[in-house]
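Visitor: Going down the list, the protein sequences come from chains C and S. Sequential numbering from 1 applies to the first sequence in this note's numbering. Sequential numbering from 1 applies to the second sequence in this note's numbering.
None of these hints come from the bench; they were simulated from the model. Incorrect hints may appear among the rest.
Label pairs and their computed distance ranges (CB to CB) [said to hold, decoys possible]:
#, chain 1, residue 1, chain 2, residue 2, range
1, C, 74, S, 78, 38 to 44 Å
2, S, 122, C, 276, 51 to 57 Å
3, C, 147, S, 106, 34 to 40 Å
To list a few chain C residues with every Cβ distance to chain S over 10 Å, as calculated [claimed, not checked]:
#, residue
4, 38
5, 50
6, 131
7, 184
8, 191
9, 283
Only a predicted model underlies this, so the values are computations on that prediction, with no experimental measurement involved. C-beta: ideal position from N, C-alpha, C; glycine also.
Each chain, written out:
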Amino acid sequence: MSDLAISTLQTQVKPERSAVGSLRIVQTASILVIALVIVSPLFMLFVASLKDDRFQILADMGSFRAFWVSNPTLSNFAEVGNLSGELAFGRYLLNSLIILASTVGAGLIVNSMAGFVLAWGSLRGRALILSLVIALYVIPQESIIMPLVIMVSRAGMTDTFAVQIVPWIASPLYIFLFYQFFAQLPKELFEAAQMDGASVFRIYRSIFLPLSLPALATVSILMGIETWNQYLWPILVTQTDYARPIAVAIATFFGQDSIYWDRAMAASVLMMIPILALYLAFQRWFVSSFVGSAVKG
Amino acid sequence: MMGKRLLSMFVASAALGIVMSHAEAKTVIHVMHQGDPGWVTTYGEVAKRFEAANPDVDIELIYAPHDAYNEKFSAAVMSKQMPDVMELDAPFLANYVWSGYLQPIKPLIDQDILDDMTESNVAQGTYPIDKDLYAVGLTDSSVVLYGNRKYLEAIGARIPKGVDDAWTREEFEGYLEKLSKLEGVKWPIDTFRGYGIKTEWITYAYGPILQSAGCDLIDRKTWKSVGTLDSDPCVDTLAMMQQWVKNGWVVPQSSGTNQFFAEGHPAALAFGGHWFYAEAAASMKDDIVVMPLPKFGPKGASPNGTWIWGITTASEHPDIAGKFLSFMLKDKQYRDYAKNDSAYPGLKSFAADSPLYSAGGPMAVAFEQASKTAIARPPHPAYPTITSAFMQAVDEIFNGGDVKAALTAAAEKIDTDIEENDGYPPFDEQQ
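One chain only, chain C, in its complex shape (with noise of 0.2 Å):
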């Protein structure tokens, strides 16, 4: 290759590197400005938290004084945090603890065997019950909240951990996401493990379930938020302390006339904390899970 040539290939890549550089600026700033626009309200709450002078915390929200605190105290926690009195945070957090980890643990069984069946079970008409399962779907939990009251009420469930637990085990959506799971994996799978003999049953507990730990993940966390930020139904079908969670107590520091800022931040952190754990502990098939759905269509 002449001089010539070398010189006029080298003119040619260089602005395509400056243009490949700009671009990677650019993504960088946008993915840099999308985490602030994410993370800057968490990063306030938290610092919001550590300062005890609600009208302080309302003062400084609209400027850069939200970010920073000068004496920081944990005496919003400390508050937050008693397991008795009349207003025990620490309890009304264990009973939104009892409710997600069983409310998820139930989920995932009962939602992923439902969703093994419709795939791979030998029931008449699976294609009409998934019908109707995804026609299910469509309806808000408004808008049979009320019956669903009166029916709890009859049945003697209001003010126990059951009535927040046993109503949202079993979801059209987290049954229709097993369903797709169970049923993109390869034929073979199911058919091979039917000739050693064994049980659908078993087919779905030692094969189906341990190749699905992206749905399991998906479901949990999504199962967990959904459970965690519980809110009106909680106050509809609770009387007392018993089984009451952390969301429905945290609207107590906003009454009629005064907001608690201060309280409000240090048990919205301690709420935040577990479900973020939640997500930490799943993330990795939770974005798998996302991908592969992505890839797959």
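Given chain C, put chain S in place with the hints provided.
Guide: Coordinates of chain S only, in the frame set by chain C:
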């Protein structure tokens, strides 16, 4: 050995049976309430003191957050789990009585408490059809105009001495304009838009501005809103308020509810509730001035009414429920908490014990309004629709919407609700 085991099991079962039958013998009174952490704790302590004085009664407190209180009560009604005693926002009383949820309270409450009620307190608990009392409270409420003394002196504003001396609309708007140009003032007034439209604030506090201007949310004789809420005085008054917002004179909703006493005192005036005084005065000391609400038209008007207590028709032990309410309203620690919270007196004995509101007290003008300018919100079963429609209209107007169109839409919504309920008989016969 076997015999001893059986005997001990029998004794244990018998003991358990005795304990259980004793527990069952207790009368349980369910009390539904709202309130911030301080009030929740106070109610809990009152309940404990009542239980100590009445060992055969258990008070079970049912807390519902303020913004979901009505939903909680609706669920309780539908599931047939109404409490014995319930806290209710006074303007909703007519709706609750009309719906058959509350029972007359006079025979159930100690006579000395009934005799102790202020006129405004009686008014907020009275059902307009049978004129009977259905609810009682220790407190009442009002809204006043708070001012920053330094700013008012800087613009040479006249400080009203009492309710009869209130600013006129012209004076008020003139001062707002002057304050908008004064150094240090970011917003001439905080009308507490920060409370949002999920609370009663807009109807409670802005309704009297309309009444002062010569109109109302609804005609209180014909119970029709079209022709009243969208009448010229109402349109003119809300156009005036919209202009304040457009001028940048009003603290925006996003800036919260403490700009009057926040660092630097960015708001010069505050159109605020009586409960605002304690926080503002603690921060501003002598710089706070308490004034009556301005007259926006031919007469002065101010709001009243607060959360009061009623006994439901579902109560199987209304006498004990009444006994608990009487106990609570006389409870010293309960009253002390209310006093420290700068609660507005609804009982005369509580007023006498509240130097804040007595003659010469810093909030005396607020108490003076109760007897001179207080107007209750419309005592009609359609009130939930009235307040929701009005709040939506005001929100639309403050966000730049057409005033006449927004008020007409609200008025039509109110009238439609009344028509759909056949006029809420016997309210339709009042016409």
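Visitor: Is the hinted range of 38 to 44 Å satisfied by the C-beta distance from residue 74 (chain C) to residue 78 (chain S)?
Guide: holds (43 Å)
Visitor: Run the C-beta distances from residue 131 (chain C) to all of chain S and say if the shortest one exceeds 10 Å.
Guide: Holds: least Cβ distance 32 Å, greater than 10 Å.
Visitor: Just checking, residue 283 (chain C) versus chain S, shortest CB gap more than 10 Å?
Guide: At about 32 Å from chain S, residue 283 (chain C) clears the 10 Å cut-off, so the statement holds.
Visitor: For residue 184 (chain C), which was marked as not at the interface, is the minimum beta-carbon distance to chain S over 10 Å?
Guide: holds (42 Å)
Visitor: Is the claim that residue 38 (chain C) lies outside the interface with chain S correct, judged by CB distances over 10 Å?
Guide: Correct as stated: the minimum Cβ-Cβ distance to chain S is 20 Å, above 10 Å.
Visitor: At 10 Å, judged by beta carbons, does residue 191 (chain C) keep clear of chain S as stated?
Guide: holds (51 Å)
Visitor: Minimum Cβ separation between residue 50 (chain C) and chain S greater than 10 Å?
Guide: holds (19 Å)
Visitor: Regarding residue 147 (chain C) and residue 106 (chain S), is the given constraint of 34 to 40 Å on their beta-carbon distance met?
Guide: holds (38 Å)
Visitor: Would you say the C-beta atoms of residue 122 (chain S) and residue 276 (chain C) sit inside 51 to 57 Å of each other?
Guide: Given about 53 Å between the Cβ atoms, the range holds.
When the structure is compared with the earlier hints, no violation turns up for any of them.
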